[in-house]
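This is what each chain is made of:
Protein chains: 2
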Amino acid sequence: MTRLLKNGMIVNVFTNSLEKKNVLMSTEGMILGVGNYDTADEIIDVSNKILCPGFIDGHIHIESTTLMPHELAKVCLPCGTVAIVADPHEICNVCGLDGLAFILSSSEGLPMTTYIMLPSCVPATKFDESGAKLTAKDLKYFYSHSRVLGLAEMMNYPGVINDDLEVMEKINDAKKMNKIINGHAPLLTGEALDKYIVAGITDDHECSSELEAKERIQKGQWVMIREGTSARNLEGLISLFDEPYCQRCLLVTDDKHPHDILMNGHIDNIIRKAVSLGKSAITGIRMASLQAAQCFGLKNVGAIAPGYKANILVLNDLNTIDINDVYVNGNLVVENKRVIDFEIPNVRPEILKNIYRTFYMDDLKEDDFYIEDKHTDCRVIEIIKDQLLSNELICRLNFNKNNGIDIEKDILKIAVCERHLYTNHKGVGYIKGIGLKSGAIASSVSHDSHNLVIIGTNNKDMAIAGNAIKKMGGGLCVVENGDVLAQMALPLAGLMTTKSAKEISNENENVRNSARKIGSNYDIEPFMLMAFMGLAVIPHLKITTLGLVDVDKQEIVPLFLENK
Amino acid sequence: MTRLLKNGMIVNVFTNSLEKKNVLMSTEGMILGVGNYDTADEIIDVSNKILCPGFIDGHIHIESTTLMPHELAKVCLPCGTVAIVADPHEICNVCGLDGLAFILSSSEGLPMTTYIMLPSCVPATKFDESGAKLTAKDLKYFYSHSRVLGLAEMMNYPGVINDDLEVMEKINDAKKMNKIINGHAPLLTGEALDKYIVAGITDDHECSSELEAKERIQKGQWVMIREGTSARNLEGLISLFDEPYCQRCLLVTDDKHPHDILMNGHIDNIIRKAVSLGKSAITGIRMASLQAAQCFGLKNVGAIAPGYKANILVLNDLNTIDINDVYVNGNLVVENKRVIDFEIPNVRPEILKNIYRTFYMDDLKEDDFYIEDKHTDCRVIEIIKDQLLSNELICRLNFNKNNGIDIEKDILKIAVCERHLYTNHKGVGYIKGIGLKSGAIASSVSHDSHNLVIIGTNNKDMAIAGNAIKKMGGGLCVVENGDVLAQMALPLAGLMTTKSAKEISNENENVRNSARKIGSNYDIEPFMLMAFMGLAVIPHLKITTLGLVDVDKQEIVPLFLENK
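These protein sequences, in sequence, are chains Y and Z.
Going by the numbering used here, the first sequence opens with residue 1, and the numbers climb by one from there.
Going by the numbering used here, the second sequence opens with residue 1, and the numbers climb by one from there.
Everything labelled a hint here was simulated from the structure, so no lab data went into it.
It is possible that some hints are incorrect.
When chains are identical, the list treats them as one kind, so a pair holds in a single copy or across two.
Listed below are the simulated DSS-like cross-link pairs for lysine-lysine, each with C-alpha atoms no more than 25 Å apart in a straight line [as the list claims (entries may be wrong)]:
1. K214 to K20
2. K140 to K437
3. K176 to K299
4. K502 to K273
Make the full structure from the sequences, and use the hints.
Laid out in structure tokens, this is it:
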């Protein structure tokens, strides 16, 4: 059957212009023609509307949204996102290949096409006790999956530059299969960057300055302009919307929270922002469609032209990217800003059971968090406002009461508890800057190995909070005086929920409010901060299940300094 | 080993700019870095020079140059052409898969990479008695050859538009193998063009007007701006060098004679001409390098950037594209404008013997060209100056002497003799506009089936000319009063020679001068015209081994009109 969109203005991403043309498409998925067509099985008048190709998010972690792929599709499709390129790095750190199988099958056949990049760095560091290790051999066979486009962000750039065997095997496998290898190398420059690119890394989404981005474009990489919930690079990179640089950029969100998508939008929001900063909407649309497809080698995707996939957005207004309807494969999937119901992919129970069961640890006891005083100076993680960086603070703690915790001075306890392999390893230390006055907070979202992380004002509430998370099979919670004040379950790998974006946003707001009640600063997002205190690639002092890590030296350090 | 090109200015095709940078490359073939490098195993100072990526000719028929691939490489490399995409359509019409095997093996390992597109239309028309028929099944297995990029120019656009089974099978095989399908659809527009593109045709090189080309770009095709020896479209398409259209164009020669390459150059000449017409040399370079690679999906080719193939031209001057040295895969192949000797590929004798033996026909006799007078009006092919089009002229011929030939009125005889399969079929008719006053000319170059074509002032000289060609195993010759005045052998399939460009150019000049001696106009190139009089796709009246063809009606028509 054929369908004709008649009398609209078309955004032509090949010529950067608007054309008054009719679009004929087949309901089997392809654009059949663009011109003066006037007959079809179904004719839809789109007078006064703008038609543009659907958007592609070139780099996103589905797990960061906490949503199942179909729930994510429900909120992204009205934003014009018809495809995402997802790196299931988080869930693979928890569940290994089961995580990959889960994301692949739970996104199968969605109206928002979910392309997958194979996680390149599981575990992320040698300090990570993750739930799985993915070797080159593990990944290799997945390249033949039709939705697998390549190897995901290669964060281990020292491994690339120093020809680490395992890293190079992963890269070479992807290259042999003619696949893309995404980059992740913030601030890498000059000869080191050249070596990284020579290895076969095609792009980067970590650029924060014009200078950094332009060097990459000069050297042939694609630059993914990232504007996520936390990491926001659009303003710093806005000059890339000018010629000729714009020709080598695409738009990505990386990590995006459901509340943010509901409130502000997705890729559409990045284009809107660029327009508000004086740039051309058509340039943004081109980045988000044709160029994203080109970066990933997707043929016949990203334009309104004969032979292209009939993924078309119907806009009420170009500059505000006011999306009224969305066609995917020639069929309406969003009508009048509302998603049309679609079939939810089926995930086989043998995969699902492993995704739902990811806590392999003993119940926590108050004593687990007890620290014996060594009567010397102690290393304390000090958080820095608005950053994921942390300082190493050296101070003498008062062990006369509350096992070194000093609420007055905002020195609280932090613990990271291994939950994947029954090692029951725990790293316990101190953190300054969170602001809790009572109780404890805990979470199973803790990059990148997603062990159980707890921050508290006393050992007892910490144990209760940790056990509450374990009982839910993952999530966030707030405990005070032995009672759970609020909790939000993330039972899928401890990272995701089956709830809708709206439901989970509300629950998240509730948990955050409870955390504020027990003293967390309004300035900081304690759960987000907490999620990065275990990531031993961000300087300077972090904590994993193995203890404190001096990130700069890349070594485990003791909590207490030795007596000199 | 590493090699450093130091102190040059680099043409950056990602940013359309010149950068003062050093280029480090490996002699194994890759660019390792672009920046402030200053050490390497070998350092070459390129102060005051411009470095740009090597050029790619996106569409060429090697057979039209008459040269072996290695001889073609010798003349193209100094012009900066480091790769060609060849359609061996002509030789496959003569030799079938042997022709393909010959071109593949005779171009293996050349410093000028010879990519191959599989001929899509052998034979070209139903009126062609060619030496072979290439079916989809014949072509299929060649897609796995590393230098085969796809299916060559799909000239049979009616077949595409009408879903001809065999045509669609060829197209679908190419698509399944993720290969490119080149287009050839002059003047196709609107809905018919849409259908052609929807089938999967990615480009066209037959555009002669801005309007025609821009429609294709709007619809997502690449436009190959062709400037060959005969078909010259650059001037008509010069506005495509402006943004944004230039981003979707590449440069090709299609058919180029060796004398023209020696005198004027190759792809470099197209850029030079564009500059003389006021356009940017960098735009031309970008079309001829990065964009040609993008059109064909060639990764890491066409730019001076880390990880790209080290195919670099060292220019004395940008705007005249004055090429001093050429590096291919990091090694010098042209030094100071002179090609460095390279190894000539070996062709196995069992392939070669079939290429050398392509005349399967009886000797010609004077009587073979005798036409019996039917005493009615006769159809005569009338050539049109400067065009390959021909008119149908209806006139009563005088059969009282010379069997209808009338030298005064410039009505000569033309014959096309089947030479592939011993059918001894002959089409004999009359032609006006060649101008011979005595003798005959003959050639085995006759598109697309390359049967033996002869034009003469008398039957005897025609037979002698034809037999001379047969004796050489192909070529061109001029006969007068029973003597061969000049001849040029093309013993490889009747199309090509093992001689150098210079030698064959001199021979060709000699043959042409002889043709002029017996009366051919200085205004026309009789052998070139003759080569197209058998091509039943160019209106209006043509002749094949089966007789006269009314191209517009696509049917065989009798020489004499029936009495009414």
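Consistency of the hints with the structure:
1. K214 to K20: Classified as between; 15 Å across copies, 35 Å inside a copy.
2. K140 to K437: neither (50 Å within a copy, 73 Å between copies)
3. K176 to K299: For K176 and K299, the Cα distance is within 25 Å both inside one copy (19 Å) and across copies (12 Å).
4. K502 to K273: within (23 Å within a copy, 62 Å between copies)
Taken one by one, the earlier hints fail for this structure only at number 2.
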